[in-house]
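Asks: Line order of the protein sequences matches chains A and B. Take 1 as the starting number for the first sequence in the numbering used here and just add one per residue. Take 1001 as the starting number for the second sequence in the numbering used here and just add one per residue.
What the hints contain is simulated information worked out from the structure, not anything from laboratory work. It is possible that some hints are incorrect.
Claimed, not checked - Chain B regions said to be covered by chain A (calculated; three or more residues, Cβ under 8 Å):
id	region
1	1019 to 1026
2	1067 to 1081
As the list claims (entries may be wrong) - Cβ-to-Cβ under 10 Å is the rule here; a few derived chain B residues that face chain A:
id	residue
3	1001
4	1004
5	1005
All values derive from a computational prediction rather than experimental measurement. Every residue gets a Cβ at the ideal spot worked out from N, C-alpha and C, and that includes glycine.
The residues making up each chain are set out below.
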Amino acid sequence: MRPGNAQASAAPATPQAPGLQVRGLACRRGGMRLFAPVDFDLAAGELLFVRGRNGRGKTTLLRAICGLTEPASGEIRFHGDSIRTMDDARRMALLYIGHRDALKEELTPLENLQMHLGLRAVGNIDEDHLLDALEAAGLGERVDTPVRYLSQGQRRRTALARLLVSQATLWVLDEPLTALDTDAVAWMAERINGHLEDGGMVICTSHQPIQGLHRARTLDLG
Amino acid sequence: MGRSLWTLLKRDITLLVLRRQDVMTIIAFFLIVTTLLPLSVGPEPETLRALAPGGVWIAAALASLISLDRLFADDWRDGTLEQLALGPAPLALVALTKITAHWLALGLPLVLLSPLMGYALGLQGMALLILPLSLALGTPVLSLLGATGAALTLGVRAGGALMALLILPLYVPVLILGSGAVSEAMHAAGAGPHLSLLGALLALALPLAPLAVAGALRIALD
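Starting from the given sequences, assemble the full structure and let the hints guide the process.
Replies: This is the structure we're talking about:
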């Protein structure tokens, strides 16, 4: 099963507006400006790799793009709609995976994935589909083990399994490779490439290089 | 949106049931604080009966306060709150849903146990009926007010103590009306006016507190 296939129809890009449009975006943290105003466009099938030393505001940039952090100035438009006021369908076309995995320790990876989709109001969740996704993420035997007993890497894999079942077109990934082993890093690169081929968009930060990515553009925050 | 909130309600209750010890701790706390009353003021039945409404209500208010400490803290720490903020439901409704789940799991047992504690302290007749009724109207108000404090002190060191300072003064009207209702019922006067005012407080807090909570959560997420 190719979970990415249904995604292109979830939020069709209007031809005139690029998928994501960022103009003059600047963020402050504790009264200090983090980076010079940033401009970029991201169209279907493109990947933006955000680089920068520690504390340069990579995470803040990503959170501002999702609408979690109020930017000091600038404008972010997703398919032409402001990120602040866009409707539910647009919101669900964006998937953010941050530093923190958003997993509940008491629940199993399968239950966590079901919860995640339920909270995003995704209907009719086919359990086999979710099991396939967790299997692909490398959690085969651990789908019924409470997350409390999983290693850091397995938790990260559980969080990343969301990518396989979500309908989102824009993935915003903050250090997705943290705690992953080499197999999982290769798998992640493959998934990102697959998503881009299906017309998706990815914004990603990572301190370690991801080998084998196509069409990567880089935004350097210094 | 409805599906998302329904999932959240089920998830929060499931988590509270899985963390059985938390629920048991709060119930035990309520029982022990109530039991302290005869131990500290002596077993004189008339004195105990006069102090019973206030004693049970103080125990319920303190139990509510310490149970609300973690209402948002876990979701905030593990990143679930970010995902909820990006979800389809407005943050105020997310907050109201979480408060509802919390009250069902932790407030309702206190309401159901209160006649037993009232009986142990010598309450009779109508007062035994008015006590749970006043708690059923009053403890949701305590939860709503307490949730506001919990959201405001999110991420603050020693947040629990600060929250008590912020919230206990706001508990005063509820405490006065609640224990007043039971005292009135004991003296064969009508508890109606007190209960009506408690209901009015609930009607006021129900729409307003979630908005305040949502504002505080946005600040905590930024």
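Asks: Indicate, hint by hint, whether the structure satisfies it.
Replies: For each hint, the structure was consulted:
For the region 1019 to 1026 of chain B, the proposed coverage by chain A is not satisfied: 1 residues have a C-beta within less than 8 Å of a C-beta in that chain, short of the threshold of three. Residue count for the region 1067 to 1081 of chain B with a Cβ under 8 Å from a Cβ of chain A: 4. That meets the three needed, and the coverage hint holds. Taking 10 Å as the C-beta cut-off, the interface hint given for residue 1001 of chain B holds, the closest approach to chain A being about 6 Å. Annotation: interface hint on residue 1004 of chain B holds; nearest CB of chain A at approximately 4 Å, less than 10 Å.
The interface hint given for residue 1005 of chain B is met, as the beta carbon of that residue sits about 9 Å from the closest beta carbon of chain A, less than 10 Å.
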